[in-house]
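**Q** Chain by chain, the residues:
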Amino acid sequence: MRKESAIRKPSGGSLRKKLYRYRYIYLMLLPVVLYYVIFHYAGIYYSVIAFLDYKPMKGISGSRFVGLKYFEEFLKSIYAWRLIRNTLLINLYQILFAFTASIVLALLIHQMRDNKYKNVIQTITYMPHFISIVVVCSLLTEFSESDGLINDVLAAFGVERTNLLSDPKYFRTLFVGSEIWQNVGWGTIIYLATLSGVDQSLHEAAAMDGAGRIQRIIHVNIPALMPVIVIQLIMRVGRMMLVGFDKVILLYSPATYETADVISSYVYRRGLYERNYSYGAAVGLLNSVVNLAILTGANAFSRRVNDTSLW
Amino acid sequence: MKRFALLLMVLMLALSLTPVSHAESVRLVPEGETATLTVFRPMDANLQDYITNYNEAPFYQKLEEVTGVHIEFTNPTSSAAQESLNMLLLSGNVPDIIIDADNLYTGGSYQGVVDGYFIDLMPYLKEYAPEYWSIITSDDAIYREAANGDAVSCFARIYTEANPAWMRLVLKKETLDSLGVETVPVTIADWEALFDQMLAAGITPYMLNKTGYEEKLMGAYNVRADFYQEDGVVKYGQIQEGFRQYLELIHSWYEKGYISKDFISQSNVDTMFATGEIGTYDKPIVAAYNFGVSEGYTVLSTPYPRLTPDQFLHWDSYKASVVGRSLTYSTSAITASCKDVPLAVRWLNFLYTPEGMELANWGIRGENFDTVDGKNQYLPVMWDYNGISQEGLNYYWKSHNASTYSDNDTACHANLLKSPEATAIRLEYDDDPLLDSAIYLPNVSLNEEEETTRASIMNDIDTYVDEMVLKFIVGTEPLSNWDSYVANVQSMRLDDAIAAVQAAYDRYMDIKAPKE
Numbered sequence: 001m002r003k004e005s006a007i008r009k010p011s012g013g014s015l016r017k018k019l020y021r022y023r024y025i026y027l028m029l030l031p032v033v034l035y036y037v038i039f040h041y042a043g044i045y046y047s048v049i050a051f052l053d054y055k056p057m058k059g060i061s062g063s064r065f066v067g068l069k070y071f072e073e074f075l076k077s078i079y080a081w082r083l084i085r086n087t088l089l090i091n092l093y094q095i096l097f098a099f100t101a102s103i104v105l106a107l108l109i110h111q112m113r114d115n116k117y118k119n120v121i122q123t124i125t126y127m128p129h130f131i132s133i134v135v136v137c138s139l140l141t142e143f144s145e146s147d148g149l150i151n152d153v154l155a156a157f158g159v160e161r162t163n164l165l166s167d168p169k170y171f172r173t174l175f176v177g178s179e180i181w182q183n184v185g186w187g188t189i190i191y192l193a194t195l196s197g198v199d200q201s202l203h204e205a206a207a208m209d210g211a212g213r214i215q216r217i218i219h220v221n222i223p224a225l226m227p228v229i230v231i232q233l234i235m236r237v238g239r240m241m242l243v244g245f246d247k248v249i250l251l252y253s254p255a256t257y258e259t260a261d262v263i264s265s266y267v268y269r270r271g272l273y274e275r276n277y278s279y280g281a282a283v284g285l286l287n288s289v290v291n292l293a294i295l296t297g298a299n300a301f302s303r304r305v306n307d308t309s310l311w
Numbered sequence: 001m002k003r004f005a006l007l008l009m010v011l012m013l014a015l016s017l018t019p020v021s022h023a024e025s026v027r028l029v030p031e032g033e034t035a036t037l038t039v040f041r042p043m044d045a046n047l048q049d050y051i052t053n054y055n056e057a058p059f060y061q062k063l064e065e066v067t068g069v070h071i072e073f074t075n076p077t078s079s080a081a082q083e084s085l086n087m088l089l090l091s092g093n094v095p096d097i098i099i100d101a102d103n104l105y106t107g108g109s110y111q112g113v114v115d116g117y118f119i120d121l122m123p124y125l126k127e128y129a130p131e132y133w134s135i136i137t138s139d140d141a142i143y144r145e146a147a148n149g150d151a152v153s154c155f156a157r158i159y160t161e162a163n164p165a166w167m168r169l170v171l172k173k174e175t176l177d178s179l180g181v182e183t184v185p186v187t188i189a190d191w192e193a194l195f196d197q198m199l200a201a202g203i204t205p206y207m208l209n210k211t212g213y214e215e216k217l218m219g220a221y222n223v224r225a226d227f228y229q230e231d232g233v234v235k236y237g238q239i240q241e242g243f244r245q246y247l248e249l250i251h252s253w254y255e256k257g258y259i260s261k262d263f264i265s266q267s268n269v270d271t272m273f274a275t276g277e278i279g280t281y282d283k284p285i286v287a288a289y290n291f292g293v294s295e296g297y298t299v300l301s302t303p304y305p306r307l308t309p310d311q312f313l314h315w316d317s318y319k320a321s322v323v324g325r326s327l328t329y330s331t332s333a334i335t336a337s338c339k340d341v342p343l344a345v346r347w348l349n350f351l352y353t354p355e356g357m358e359l360a361n362w363g364i365r366g367e368n369f370d371t372v373d374g375k376n377q378y379l380p381v382m383w384d385y386n387g388i389s390q391e392g393l394n395y396y397w398k399s400h401n402a403s404t405y406s407d408n409d410t411a412c413h414a415n416l417l418k419s420p421e422a423t424a425i426r427l428e429y430d431d432d433p434l435l436d437s438a439i440y441l442p443n444v445s446l447n448e449e450e451e452t453t454r455a456s457i458m459n460d461i462d463t464y465v466d467e468m469v470l471k472f473i474v475g476t477e478p479l480s481n482w483d484s485y486v487a488n489v490q491s492m493r494l495d496d497a498i499a500a501v502q503a504a505y506d507r508y509m510d511i512k513a514p515k516e
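From first to last, the protein sequence lines stand for chains Y and D. Under my numbering, residue 311 is the last one in the first sequence; the count climbs by one each step, no gaps. Under my numbering, residue 516 is the last one in the second sequence; the count climbs by one each step, no gaps.
Honestly, the hints are just simulated from the structure, not real lab data. Virtual Cβ for every residue (Gly too), placed ideally from N, Cα, C. Treat the hints with care, since some could be wrong.
[What the hints assert, rightly or not] Derived SDA-like pairs: lysine to any residue, alpha-carbon spacing no greater than 25 Å straight-line:
1. Y:K55 - D:E467
2. Y:K58 - D:A151
3. Y:K55 - D:Q82
4. Y:K58 - D:E449
5. Y:K55 - D:T452
[As the list claims (entries may be wrong)] Cβ pair distances, simulated, as ranges:
6. D:A513 - Y:M57: 25 to 35 Å
7. D:S491 - Y:D246: 43 to 53 Å
8. Y:D152 - D:T271: 15 to 25 Å
9. Y:D246 - D:P478: 27 to 37 Å
Just chain D, same shape as in the assembly (with noise of 0.2 Å):
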């Protein structure tokens, strides 16, 4: 009896996988033939203690299956990624693939095209991913933001839709339960009576960021840190009278005790977080909701602070643009040593197809999801499986924020489906009113000329204000120098920076799809 169930079961199992001509589609190198590609991609941190190689990982594997194109992957640990790709690229053994190259690349994937590192990839395009293609010059809008004027440097993570606000100020309700408060702040001027009634409480009211920016209380002064534009003009933060006035309350903050003495250089925060040692920081909502729940406490998210309750609010850059190039590993650039660039086009428009979406947003049809009344829907798996964390998972079993085609969050992705509260807490206060990204810089593209000149300013300007910001915030300068702290960056030659991201930005605006 035994023995015939287990026949019966090869059988069912030799028959579900008869459907074989489905994968042959897709393939990218033909039926029986392997091709190899090297790939840099940085290892994730949330999964480096469970695999050491992208190989291991199931997305990975089934990608190699359905394209038949094998990777070789480079994989430093994502602290270290920077370094080692530039120490990669000084060698002149580069891969022929680099993930997250806008983030990795200093200046952007565009300038490692100007320096003759990556590779100019409109040549390829329309040939070999017409798929991509078809979605970057569908809009405008959307073909400003992924290509850079008559190049196109990298493939881009695309949404359907933009993608909802992921960092917060967070709470937590036990705390403000136990301090009698029954609303969250909306106006800075109730977050000090909040802090007040922390410090009262023992409670360190505030970890603030260890760079010591933070936008969305710079926003409040409508100002964005480095470029910004208002009216299509750029200019840079933090010699704005509005960062003075950010400063300030900062610095206030901090005298008064508001934010943690140890936040330059802070650790543990999660830790503090949870133990109630500290009553906010800046966090992805989702990610610090669900870790409440599996520790047993209910995390709040919290709007945009104000300074009244009817201020407009224009510092936004989530909804600025459906293409999201910052974000880890949603930029894949080709460099100049591969040999095969047709087949590295194809492999990474393969992301853009209807079976990579699939694969990419959602797994593998039957083991990480299925579809039920139309809709696909996560098995447990994408939550809990052999210990890897949640966030793990994400890029274990599907390729989370992976250059592909894909509906926003709230669409399709883990983190948000464990449950419904999940998905609500990241909807709060998205549907904000009073809010625009009037004043967000795009992803402007400068010449080798213009990036040049930014650069060699911009490179002391950075080191000369990040320190001066710091000592602002905890005192050591007194704000009574704001006016000689911006007479010296102005020295620096500001102005010359400012004209070269200007002239990008004006070209810019002026990109427009091509028409076929």
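Isolated chain Y, as found in the complex (with noise of 0.2 Å):
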């Protein structure tokens, strides 16, 4: 009896016994610990170069206090708002065309009967996530030029050639369809162990009841998934005022920025390229706080609406 409790209660016992007993646990998660308190929490504190005219030689305390000239400097730029509004509509394409292509692969993955089949085409759909974005974005180069590889595909149904990376009009296609490429089978993974926990039994009483694949899909399947959908979707609309910019830069030239010119390959340009570290730190910051607003206001939104929500 005696033991029993002991196991109940693992919270008897100091903080100490607790951190011995699962001392492994913990090492596990030093790391990850690390990870955010170097790369996220004390980047927080060097934040406050946004409000200076900073010079590092002269470091923090010595440079020049300026306020909020840069923010302002920023917000009155003839950039500004073709900044925001590249960065917004990429997540936006992203979120329409990519998000949901993951989902939909997963429900006719999930359908498949044949496990070899189904295995094979799993891997085939992981594998280019872990090509190197340097590898995809030069095979996607030579595929756009004028004689390349999607030039022959529109050739073929009558299309003029034409180089379809000096192109504005085309930047956002290419950058969402090849994250498609890259990252749809990646993105099932997390659809398919939730597909796999379905109890059996809800699909058998359906089939019982006369419904037909799509409707189980629609009535069974989607339902089921629907916590994870709104928990990922949570996730990356609290993304929507950031696209990686490695992506970016490796794709974009001036006859794109029109299309292609998004904050992060700006503060990229001025802050880290030209050396004006205090305006890219301000431009920075002003996106992650926008951001933040955006993640705040999607979870309290899904609260709300559906009971479900991150916190």
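Combine both chains into one complex, guided by the hints.
**A** Written out as structure tokens, the structure is:
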């Protein structure tokens, strides 16, 4: 009896004892905690340079305080609106097309009966996720040339050959399209795991009531996926103002700034390339604040509408 | 017998090593001691497949041997050099010496001095770099270009005589032959006629620079990109009428199919030229020629394009000065983190002493070159060694374009000396009598206030202009919008930026070399 209560109440005993008992689990946690402390929390302190005329040689204490000067400069610049628009649109298209593509693919894979075939499909769709972004972008550059693969296909349908990466019209399509190609399979993992956990009796009962495949997907599989989809969507919306600058700078050129230049690539150019650290930091900080607001908003909205939320 | 021969060889080797007294004279640290300096030098793209650290290059090994100074290198790849340097400066972990400082530090090495990253070398030069000091003070024009008014921000490469131009629009003789064309084009109309023939033969005539700027064609309209000057008045190129005419020409070329549709995101251009897919592009002429020889075709150089055959061109930048500050690796700055500035100054100055000049320009005597009839001649290893590319060897055995005092490329550049034809093609059209540098803007130094003004204005203008230039060329923006484009640029306070550069230019022209 005493033994049992000891097992039931692991909270008994001092913190030290608990730490010792679960030492290996805490050890596994440590790198993750360190990552957040170093790369996410320590960085918050240095964001004060957004309010300074920061010169690294003078240090943070020696640099002149300029208040909101750089925020104002950015918001008044002719690029502010274009950068915000491009960032939001790329994200919106990614949610509309890339995010949903994974869900659809997961539903389709789940319907496959032949396990061998299923495994092959899964492996093939996961694979591109592991290719370096630099390689993906080089491939895309080659494919987009006027005598490249994509143009060969388009030309067969009578479309005039043009370099797709030099035309602002096609940038978002190429960006989101390649994103789908690279990550659609990877995105299915979490949905497939959820689908395999769906109680088979639900499917059997639905089949008994005469539901066909499509109806079973709509009435059994999709409701089962809904909580995961909502959580994923909130997290995705939380990155609404973020676009990885690496892929953008590998693909864009001044000719496509119109649709391709996003906040992160602009911060990279101004902050790191032209060494305008304070300006870059100010734009980045502004971006993060807006991002946080969007995330909070999305979470609150979701909590009110369907009781699923992050916190 | 074999053993005897071996003994003889060992004896001979030992004998040949005896004149040590020679090496002693140039050591920067006492015999038996060593000192260490840290140096940031981007790894040349042509060498990066063969070595990862410059200490593996015989040039630097020899330099360490004779000076007694060991170097700890930071060698980022050349494509990431600027970011690497910016990160190092931000981290505070800065090496003693930065090679290629003018190109890598935004605004040039002088801005690095203004910002406090690099030190002003002026107080050290007379005492610790007498050779360099006497070269730069030998002439007002050299001093103006090498120094920055009352400061010296770096050691710069200086030539005994200006270097002949090396970038040319190149053509393949085989292509011209197949089209039945006998002479290279001289005027823009000639070029257009040639392009028509190329198009008819299924060749994409011209791979324009991916930025859309080609100084040779702009030059025909008497304009240069960014800041230039006309009769001492500083101007901004991209809003001039001449630049509009340039855009009109390039846009019509793009429309007619003369310019490759892929020019903005071009890749593998060298191969496309070699296989005859494209007709011409802007390329270092000797490199193109030598590559053609190895691949079995003949490369032709061309004179600068003109509107009429007798047009006088004023845009040349090659003959403007004997100080080559914009060449890759040609400037070396010392940072504020350097603990032993006199040693760093003496180490950099070494390449301006006779022994150092010989090493930088020719490599190691007996191994890379020999003197025949009083004239230095490269040995075959300069062109062929261990599979390293020809361009790479220039940074392996010697230090091409380094901060040193040097004869120009016709005298000591292995690429040219590979064959008389290679030298000849570099010099072809170089004696152009209808060419000068009248509108070239020299290396002016903006003070802190001027630079802050210039940078804050030009960052935005450059982004806008670079984008608009490409749009005008491909036609997404019609040239009928030129006036509103100019008005936009001017509304971004362009005049204030011009005034800042003008002030710096006026100061520059008043500089005189100190006389002692």
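**Q** If a hint holds in the structure, say so; if it does not, say that too.
**A** Hints and how they fare:
1. Y:K55 - D:E467: With a Cα-Cα distance of about 30 Å, the restraint between Y:K55 and D:E467 is violated, given a limit of 25 Å.
2. Y:K58 - D:A151: holds, 21 Å
3. Y:K55 - D:Q82: holds, 18 Å
4. Y:K58 - D:E449: holds, 17 Å
5. Y:K55 - D:T452: Answer holds: Y:K55 to D:T452 is near 12 Å, not above 25 Å.
6. D:A513 - Y:M57: 25 to 35 Å: Check passed, 30 Å falls within 25 to 35 Å.
7. D:S491 - Y:D246: 43 to 53 Å: violated, 34 Å
8. Y:D152 - D:T271: 15 to 25 Å: holds, 19 Å
9. Y:D246 - D:P478: 27 to 37 Å: Taking Cβ atoms as reference, Y:D246 and D:P478 lie about 34 Å apart, which means the hint holds.
Violation of the numbered hints given earlier is confined to hints 1, 7; the remaining hints are satisfied by the structure.
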